[in-house]
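Undergrad: Protein chains in written order, with this note's numbering: chain A, 1 to 363; chain B, 1 to 246; chain C, 1 to 506.
Because the hints were derived from the structure by calculation, they are not lab data. Values in this document were obtained by computation on a predicted structure and should not be read as measured data. Even for Gly, the Cβ is constructed at its ideal location relative to N, Cα and C. Some hints could be false.
Per label pair, the in silico range of CB-to-CB distance [said to hold, decoys possible]:
1. Pro109(C) to Cys81(A): 47 to 53 Å
2. Asn176(A) to Asp145(C): 49 to 55 Å
3. Gly174(B) to Lys323(A): 39 to 45 Å
4. Glu196(B) to Lys152(C): 57 to 63 Å
5. Lys277(A) to Asp182(B): 48 to 54 Å
6. Leu130(C) to Lys323(A): 42 to 48 Å
7. Pro503(C) to His104(A): 32 to 38 Å
8. Asn176(A) to Pro503(C): 38 to 44 Å
9. Ala275(A) to Gly254(C): 58 to 64 Å
10. His104(A) to Gly43(B): 32 to 38 Å
11. Tyr124(B) to His104(A): 50 to 56 Å
The lines below spell out each chain.
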Amino acid sequence: MLKCESDLGHIPSGCAISGIFNRKGKRIDGNKIIKSIALMHDRSNGLGGGFAAYGIYPKYKDFYAFHVMFDDEESKERLECYLAQHFIIEKDERIPTRKTERIHNAPLLWRYFVEVDNKRLDDDVDKEDHVVNEVMHINSSIAGAFISSSGKNMGGFKGVGYPEDIAHYYRLEEYNAYLWTAHGRFPTNTPGWWGGAHPMTLLDWSVVHNGEISSYGINKRYLEMFGYKMELMTDTEVIAYLFDLLVRRHKLPLRVATAALAPPFWKDIDVMPAAEKQAYTALRMVYGGALMNGPFSILVGFRGGVVGLNDRIKLRPMIAAEKNDFLYMSSEEAGIRVIEPDPDRVWAPRAGTPVIGLLEDEV
Amino acid sequence: MAKIDANEMHYKVLNEKILSLTKQGEKHIELQHVCGQKFIGDGLKGNVKIDIYGIPGNDLAAFMDGPEIEVHCNGQDGIGNTMNAGTVVIHGHAGDVIGYGMRGGKIFIQGDVGYRVGIHMKAYLNNVPYIVIGGTACNFFGEYMAGGVMVLLGLNTTDGCPMAGDYVGSGMHGGVVYIRGDVEDRYLARDVRKTELDDADRARLEPLVKEYCQHFGYDYKTAMDSKKFIKLVPRSSRPYGNLYTS
Amino acid sequence: MAVTQVPPEFTVNINDRKCVRCKRCTNECGFDALSYNKEYDAIIADDSKCVACHRCTTMCPKFAIRIEDNSLAYKANANFSPTHRKNILKQAETGGILLGAMGCDLPYPIFWDHILIDACQVTNPSIDPLREPMELRTYLGRKPDRLEFDGKDDQDIFKLKTELAPNLKLDFPLVFGGMSFGAVSYNVHKSLMMAAQRTGVMMNTGEGGLHEDFYQYRDNVIVQTASGRFGVHADYLNAGAAIEIKIGQGAKPGIGGHLPGEKVNEVISKTRMVPVGADLLSPAPHHDIYSIEDLGQLIFALKEASRYKIPVGVKVAAVHNIAAICSGIVRAGADFVTIDGFRGGTGAALKVVRDNVGIPIELGLAAVDDRLRQEGIRNQASIICGGGIRQSADMIKAIALGADAVMIGTSALVALGCRVCQKCNTNKCSWGIATQNPKLTARLDPEEGAQHVTNLVSAWSHETQEVLGALGVNSIESLRGSRERLRGIGLDEKTLEILGIKPAGR
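Looking at chain A on its own, in the form it has when it is part of the complex (with noise of 0.2 Å):
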């Protein structure tokens, strides 16, 4: 359960996927989720599995929720004195579990909500920027503390384990959230970390990742001359930080970003329109740092919705479907028929186009 020293790399990743999205906002349990994933139980090998969960905590919609996991008692103690400096905490409580036979070795899993203190921030500082350092910082430097997801009216549930046994544990059917997404793990390595299954997440940023990302290790270079910094050990996180940083920060639109992550062939840009052949060019030459290789499906969740994405030559799979307000993506289609045998379209996603599914209204 404790974290490993960084000599063992990055660790790939093969596994499965699957995401629950509702358009307008209404909220399911998490049963639905848990049985799409259980259904593709061999994609995994029991190391890992996951689950992101938005609009879970509709009284504490406007408070950061951070999901805690501690290695003893000494480290939680330690956090809470440095949160306690730093932020105001509305509440905190132990995250729900119940003992589950495959679960072992499980972290002390707390939640914070938590609002900035105003008096702590610089007048030129975002406020975002200023959660994400604060997160980066306590994950690198407090000692036994690792914040596994910081959105709000969001949360990351992950652990060592089959995906159907973390949901039991974390009791995931007492949850009613909009967006669901989730993930089965199949690591090649045995760090037996819970803060290394999927989702990966920042703010409300959640990715769950199907695949290895062949240029991890020029993505990592190009997000630390941001002030990334990469702690999981895992290449999924870059994918979550990428986000952050081409629509948070440098506000491309949704399709320019995936654009970026996953462009076009040069021999096609050549052969584009005038004006878009200028756009792709410029993306390409700037955002070469952010292009992720190698194969890999994902998706991406946040506030506002959901994003499935493949890579340039779509070696991984992705099939999607819809049904009335419902949208579903996962890398079988049995993983969405087993929930909803009979959907209004089906459709497999082609490589490097994303499907985006965006709330109709706040929620």
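Knowing the structure of chain A, use the given hints to seat chains B and C on it.
TA: This is chains B and C only, laid out in the frame that chain A set:
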């Protein structure tokens, strides 16, 4: 006929049941409530027809050697991987990597297929694999093809996307692909030559299209005559001879 | 022809039975080492003139000529090697500075040969470059921190608002490094420019200006302006796709250039705008650049003169504080920085400087790339690096360390026929490369030369694609700066730290 209710059944259990029924001489098996079970029909031999209701999981009919499988739903990835003989019919679309290394038998897909379909298909004497697709295909169609026949009908083309994707026939060095419609030259790999059909081609193509139409209730005349077919063949069986020095 | 006590380095042995007395070798040797003796009906060799350029042995139709080391037994001495003893003898005889050409040839460690490359297996597929797309296109120049677009999240079309600075588009991340017209011949320049055009890369003119015959190659030419300002005028500045200010080069950091008067003929005189036969000195510093802000001033003067239409960069030698130097150069407004490592070649240099001054490009590059990233300015200028790049593997490793592109000088000349005999300063190059002697320069046919260099680039390009494929990457920007894909072997901890790579096994 034997029926199996596959609801919540693990694929290992399901496939064992199928195998034992086949060994006992069962000629017709019906699977109900299938949802995502993998490896159905894998390595299966024998004279048996399996009807599948619900969506089968990945690697349907991999290494299959003789039976007939009909899916009354969509298919997923990996269908007919290194299949040697038999027939697979999918009433819907299918995913990626269909017929990888296929060496014989036939696959009929009513709708569209995904990426990397028909890679490294091979043929030898009478053992020839066939894949017939009613809709469109995505990139790397027929990559490394060494033998066999693929037919792409594009009966439903409404998309702006090219009907056979990009990098068609990359590394092709054997076999033939018939496409109902056209593929722009820039989407064809340089290993591929586009040409017209001759009588021998038509003799090969017509029964395949006929069989497709029979399976899916499509009008044969519309399929065969409403659009011209093109043929794709490899330029050479040794495309990379000049690349090396020592 | 002074008698010297220093023994010849090589000995020429002609096989009497094989030799058919065609006398071709006597003509081919640029150093007058071979002559025909009528009385004995034999080819006689003056060993003291032989430089092992291999022209004679390559041209001999009967393969009758062997060039061998003139191996004399020296009393073994681990400290005073034969070379040391010979050098002292030479200096004692002449009182002269030892001169050399091409790059440092001493056995300092070569870090490229201690770096290994990763490959993908199982958890990540490799890619087949012969059948799947593999992109090597590279843009050199200044890039903004970010882009601004018009468009909403749910729309398909978006319009670019940010305007970008001019960039060079290369089909392959390679530049033919600056070799001056003067140091090399007209036909060398022509071969390189033609090859650059055919392969979609860039050629650098070096500090000798650009012959007006070559203005047609402008899209593939970087025009250099050095401290001597040879051949620099407004049209010249607009005759290339980019301008490079040469501050230094790897072979002789801190030292200026020297083109001996013998090499300054009519054509050189016209191109460089100097008198015929004059010894041409490029001063060590630019006498108008005594501090970093002066450099900034020159950069913008050139940008004004070229109407901001093309990138303006700076070339420096890799020395100890190269990271800080490059940071200053980037902040002074340079659109690209060319870093030449201590193994870089030259037409003529003091051996004491060539062999002892500067640092290897592997370390310089790693330090600069790190520093620019730490300061958050890596995007403001592209890095071109060179100085002994011998093969595609070196290039690939350089890119993984962080280079945008590499430059080759020596390798390009070898492709044209150079055998690296290191006698460029004598103007006697038998291959017609590093000389202005018309009898010799005619030996290099530009069409053939261009084809050979094109072949080299093409072969390296295929090799690069194969390695990228093995790395599971289909665009070079995913390798660029990805030090994670490299491992060191036989390197100490500090060197690994400077290179920013892990040891093999981790």
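Undergrad: Failing hints, ascending?
TA: Hints 2, 4, 5, 8 and 9 not satisfied by this model.
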